[in-house]
Amino acid sequence: EADIYQTPRYLVIGTGKKITLECSQTMGHDKMYWYQQDPGMELHLIHYSYGVNSTEKGDLSSESTVSRIRTEHFPLTLESARPSHTSQYLCASSEFIPDRKNYGYTFGSGTRLTVV
Amino acid sequence: KNQVEQSPQSLIILEGKNCTLQCNYTVSPFSNLRWYKQDTGRGPVSLTIMTFSENTKSNGRYTATLDADTKQSSLHITASQLSDSASYICVVSDRGSTLGRLYFGRGTQLTVWP
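Each protein sequence line maps, in turn, to chains A and B.
Just so you know, we're using the working numbering here: the first sequence kicks off at 237 and counts up by one.
Just so you know, we're using the working numbering here: the second sequence kicks off at 639 and counts up by one.
Treat the hints as calculated values from the structure; they're not laboratory data.
Ideal Cβ positions, reconstructed from N, Cα and C, are used throughout, including at glycine.
Among the clues, some could well be false.
Stated by the list, open to error - If you want a taste of the chain A side facing chain B, the calculated C-beta under 8 Å gives, among others:
1. L279
2. P334
3. F343
Isolated chain A, as found in the complex (with noise of 0.2 Å):
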């Protein structure tokens, strides 16, 4: 089945740590994004990548840094966790759909990220 997976769903981790947040879709969209998102607040983009080699940093600043090796994997790190980086960080990705003339997004379950 066709869809969007993020692990680890829940992540506590110590100031200073160096930690990856995965980020696997199995429908082949070229176009993925990761945001951010803190409790009673709005989405945030913080990345995005258009296609393999491809990866730009989005409207909201972050410290965290992204790959695009394969079509299907994109992956978040931050190399010195913080306890500012605690929040929420949902991975996407877009195909456009013709008969809509727009792009339809799909999003993971996300990651909520604790740093102590």
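Fit chain B to the supplied structure of chain A, relying on the hints for placement.
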């Protein structure tokens, strides 16, 4: 400034009742407006998407309306169920960019009580 404002911020209703959530936006140029349902600890799931020429769209017990002239949308939920408890997010997309930039509202937190 492109913005999406939702009201109310939170809402509590009894099971079986109807409710209407509001969304006002200032995004321009306008491409489409989407309503998403986000369960606690999960990612958003699409309910409806409407373009400029569409003023109503239904998905089961969910009916969305769009007034592109006043830049307002509403999501009406009929005969609410306990499983409707979630955050409902209004998302507006602009035109003119390959990315199809999305602007998110903060959501309305709906709680359905038995």
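Consistency of the hints with the structure:
{"no.": "1", "hint": "L279", "result": "holds, 5 Å"}
{"no.": "2", "hint": "P334", "result": "violated, 13 Å"}
{"no.": "3", "hint": "F343", "result": "holds, 3 Å"}
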